[in-house]
Amino acid sequence: MSANDAPRAQQPSVTYDSAFLKACRREPVPHTPVWFMRQAGRSLPEYRKVREGIPMLESCMRPELVTEITLQPVRRHDVDAAIYFSDIVVPLKAIGVDLDIKPGVGPVVERPIRTRADLAQLRDLTPEDVSYVTEAIGLLTRELGATPLIGFAGAPFTLASYLVEGGPSRTYENAKAMMYGDPELWADLLDRLADITTAFLKVQIEAGASAVQLFDSWAGALAPVDYRRSVLPASAKVFEAVAGYGVPRIHFGVGTGELLSLMGEAGADVVGVDWRVPMDEAVRRVGPGKALQGNLDPTVLFAPTEAVEAKTREVLDSAADLEGHIFNLGHGVMPSTDPDALTRLVEYVHTHTAR
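In the numbering used here, the protein residues as written are 96 to 450.
Where hints are given, some of them may not hold.
Under the rule of at most 30 Å between Cα atoms (straight-line distance), these lysine-lysine pairs were calculated in the DSS-like manner [as the list claims (entries may be wrong)]:
id : residue 1 : residue 2
1  : Lys117    : Lys332
2  : Lys197    : Lys271
3  : Lys197    : Lys144
4  : Lys406    : Lys188
5  : Lys144    : Lys188
6  : Lys271    : Lys188
7  : Lys406    : Lys117
8  : Lys332    : Lys271
Bear in mind the hints are in silico, worked out from the structure with no lab data behind them.
Owing to the predicted nature of the structure, the values given are computational and were not obtained by experimental measurement.
All chains, please: the whole structure from these sequences, using the hints.
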């Protein structure tokens, strides 16, 4: 059976009443739940110790190492959810795309996709391709108990950007040139990536993930009209394909203030907000029926504790009238962040919002 034909999974009962999942469902919570994007790794000395000498992609394929890294911030910070340690290009590597994550650079693709013939690099993803993910999530859910595990994947647009550019880009000139100049090829590329992403998320849900997040990290580079026409259909296809599992679906992008209503339309249950838009304005843009996640500026954590608490209160006050709010940063934890600042932040949010 392929991941695309996977049966409906049951919501893990042990995590169902957690503050995080209640907030995703827009139900009353005992406190505002907190987790951080990129909490698994980066800023933690224990992460750097266990990763020493192990390339990034290899570390994502070792179930016991993935388990340890994913658990580290839960132990240290008492966050309300764990985020599975992986990388958005893992499913591409798993189907044989020739790529590597180069330190200080990011994902680099040996043969960028520029023509229709290049699409042959993108075959279907099967559960067997990522058996290490199934094994790691099995280990994790046993260790986490009542703490939910968030699975994730890169959104079709962001994956396409890496594949067409050949690596990170500030301008996305090649990707946009394809989007504008060969819309049929572009649509076929994103549709194929939507299927791969769906399969990857289904593997994680089937293995026991309590929620999933779709990272459209670079969607903020798009105008709303281009997002609606050339990106939204593929993201919506992913969200619709996993809807039957009943686990919350989160959608996040950076610099997407002008796209928030469209990202809500794509079908997620929770919309992530970066630090540029206040939460009360974000709810107006997204519209009713969605929980929101965010949105402290990650750089605030470099300020003194009193300043961090003041900015945190601003976020919480702005989110006070939301039906469902999950506290997070407006982007990922920065590598040089003091881990103790994150621990203090979790405790402050929990205490300040205790019902």
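Now the hints, each set against the structure:
1. Lys117 <-> Lys332: 25 Å, holds
2. Lys197 <-> Lys271: 24 Å, holds
3. Lys197 <-> Lys144: Roughly 19 Å separates the two Cα atoms, so the pair holds.
4. Lys406 <-> Lys188: 40 Å, violated
5. Lys144 <-> Lys188: With a Cα-Cα distance of about 25 Å, the restraint between Lys144 and Lys188 holds, given a limit of 30 Å.
6. Lys271 <-> Lys188: Judged against 30 Å, a Cα distance of about 23 Å means the pair holds.
7. Lys406 <-> Lys117: Within the cut-off at roughly 25 Å; holds.
8. Lys332 <-> Lys271: Judged against 30 Å, a Cα distance of about 21 Å means the pair holds.
Of the numbered hints stated above, the single one contradicted by the structure is hint 4.
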